[in-house]
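*Asks:* Chain residues, written in single-letter form:
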Amino acid sequence: MAATGGTTSQLGIDRADVRRARTLAREVGKPIVDLAQRHTTVSVERATLRLAGLGGADPDGTPWVNRLADVVRADTGLEHGVSLPVWDALLRGEAEDLLTLAQKAAAGSVTFRLPEGRDATRARTAARRAVAAGVRTIDRQRTARERMIAKVGDAPSKPWIYLIVATGDIHEDIPQAQAAAREGADVIAVIRSTGQSLLDFVPEGATREGFAGTYATQENFRLMRAALDETSRELGRYVRLTNYASGLCMPEIATLAGLERLDMMLNDSMYGILFRDINPIRTFVDQRFSRQIHARAGIIINTGEDNYLTTADAIEAAHTVTTSQLLNEYFAKEAGLEDWQLGLGHAFEIDPDVPDSFRLELAHAMLARELFPDAPLKWMPPTRHMTGDIFKGYLLDGFFNLVGALTGQGILLVGMMTEAVVTPWISDRDLALQNVRYVMNAAGRLHEDFRPAPDGFIAGRAREVLGEAIGLLEEIKADRSVPGEPPLLSAIADGTFGLMKRPADKGKGLDGVAPKAPDYYNPATEILEGRA
Amino acid sequence: MSLIRPYGDTTGDGMVQLSFTLPIQHSKVAEGAAVQLANKMGMDPALVVHAKPMGEGFTFFVVYGRVNHLVDPSTVEVVERDYPLLTPKEANAAIKRSLRRRLVVVGGCIGTDAHTVGIDAILNIKGFAGEKGLEYYRELKVVNLGAQVSVPQLVEAAREEKADAVLVSQVVTQRDAHLLNTREMSAAFREAYPAAKRPLLVVGGPRFDETMADELGVDRVFSRGTTPGEVASFIVHRLTQPRPTSQEAS
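Residue numbers (our numbering), protein chains in the order written: chain A, 1 to 532; chain X, 1 to 250.
Worth flagging that the hints you see were computed from the coordinates, not collected in a lab. It is possible that part of the hints are untrue.
Below, simulated DSS-like cross-link-like pairs (lysine-lysine); rule was C-alpha separation at most 30 Å, straight line [to be verified]:
(1) X:K89 x X:K132
(2) X:K141 x A:K501
(3) X:K197 x X:K132
(4) X:K52 x A:K158
Taking beta-carbon pairs under 8 Å as the criterion, some of the chain A residues facing chain X (in silico) [as the list claims (entries may be wrong)]:
(5) A179
(6) G195
(7) L198
(8) A212
(9) D277
(10) G388
(11) A420
(12) V422
All C-beta atoms, glycine included, are put in the ideal place defined by N, C-alpha and C.
Make the full structure from the sequences, and use the hints.
*Replies:* Structure representation (structure tokens):
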């Protein structure tokens, strides 16, 4: 493993410390993976039905996957998974296809049972065949992406320029996204409607109304990807598309992203727990399944460490970012993601009035770069100290870009000087891109010359943060406040992260979690884990 | 107070700066159009100091110019602070003296608003603008419900905690969500509590108008730049004084 970048550390970091940090992350993460493997959730089951091709919604807008999964759950419970009862019903001739079955189930004219013996074997085979077709679609989309990049070309340089659109109306988003791409964006993120993360279903169809963002739906994904394909061909470079998996429907949204060839997804292992008060077990189960899908789809994940710094102090909480990155890395790799797919997050959020704030930012960013030399890293601009003084904000964004240039960030979310004032205007985006281009043009290769003094402030600070992160991981590992529970769950319950206390038996979506029965079967997990 | 006009570098020069985008390809005509707009806005003479094409069919302008308008500060209406600013120590002492127990504050973001930046700046011990948040005040018991709290949840939490004051932050303003949510919230509290028992209702957010408290049915509206000390001082002032029977005039 290229843990410290192969050569000696610029920051004087001891390789043994890096190994220690990763070992601790594994020790803390492993019991959570075991827990995730022992449970299923309604969203994992619905994602499985989506892979088998069930889409659409009833006249009230409730997706058929929800209607079907709810009836199956009422008849046979969630603990066996929905696959055996659903394909058993199809084999019994209750309906000719999944959609009809869902409609009949919603009308109350089908009763599900848990098949046994030969019936169970036949149901497994049929379920596996249906779900495998969906996984093949994901595989084809991955190949299509690779082919298209080979044909039209990739983003010309790193970091990839990441711009956001968020009108609430997909038909407004499309021209804005195309314009942003023409102006230089390599990655387009369509911000979701506020509150979608707490919906326990994925809305359906093309949507024209949202709050501060546009709903993530399969049709919106398809429309935007098609539009960006057109723009990619026009510009001669593949423009990537990002959306957000986090929330109560992580597995389903990840599935839809794979089916519709999105290229990146926001997917953090703990964001939903800490910032959305989603039940911890629900989150970890959903996170693991969604990341297995992302791994298969060749999607790059973006983790959400920047969020820690918007609620806690960016200096005091610097080590929580490192800790979270290490945990996100462990969970991601366990789910099958590779280094190139890990857009681990961090952000430029130190109070600019603090002396040496720039040196501190540089130290933190260099630490992330050294710890994860082969990960693209997602570099997030200042938001907390953007005050409405757009002139100062523009300067701050320039310094943010400079740290990005100096530390070889893979994905750079372009900061807007009008952050906290308005949703970006056309001129805000243009000025922001000029800022990025100036810095990259003027100092893009400064990292070739720049070496922090080995005993200097920057190197010392980086070592200090790593030391604190190791300390925090040790503290988490030793947390036994809830006996029998994985220490990380106890630590989350104590408020170790972001000062928010999230006990494992509370939070939204808990009623959608079930421990797996011995005869639980899910063909998607079986295929994604390469078993049988 | 005397009449004033904008100041560039000389008293009375009336100089202002302005930037905007016009949906027109960059050309001499476009620059002329920018001058025309500035003139119509009262800038005369107006000087286009920068013009740059942005995207297809758009041009961005920076314009400097003189305005001849005068402003009269004596006719400006604002909500002046009608309570003394207290240090945390003074606030604690006032609570101890008059309530003889801790003052309970319940806060959160209601509706679909997920932006906890505002409520956290006021409540988290870390605070904002160099002032510690309400959690720092020994005599305040702070219950931060976080993001996306429904109004019934908020009312229930207020009852459960026997809240003296309820703080609500609203950042998202699309389709006036902040105003609708606030009205819904104040109505729910009026319904759930007899008038004399209702907790003090305080809302805040970057886009609120501080003069709208009456209209929204709350006791106070705080806007952009409000610090924790101001909020704490207001709450302590109102809850340690005999409650006025009608809304205070501002």
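*Asks:* All hints are to be evaluated individually against the structure, with a verdict given for each.
*Replies:* For each hint, the structure was consulted:
1. X:K89 x X:K132: Given pair K89 of chain X, K132 of chain X holds - Cα atoms ~12 Å apart, limit 30 Å.
2. X:K141 x A:K501: holds (16 Å)
3. X:K197 x X:K132: With Cα atoms ~29 Å apart, K197 of chain X and K132 of chain X stay inside 30 Å; holds.
4. X:K52 x A:K158: Holds, because 26 Å separates the two Cα atoms, which is no more than 30 Å.
5. A179: holds (5 Å)
6. G195: holds (3 Å)
7. L198: Hint holds; L198 of chain A Cβ to chain X Cβ min 6 Å, cut 8 Å.
8. A212: With a minimum Cβ separation of about 5 Å from chain X (threshold 8 Å), the hint on A212 of chain A holds.
9. D277: holds (6 Å)
10. G388: holds (7 Å)
11. A420: For A420 of chain A, the interface hint holds, since the closest Cβ of chain X sits about 7 Å away, which is under 8 Å.
12. V422: This hint is violated: V422 of chain A lies away from chain X, its Cβ roughly 10 Å from the closest one there, beyond 8 Å.
In summary, the one numbered hint that this structure violates is 12.
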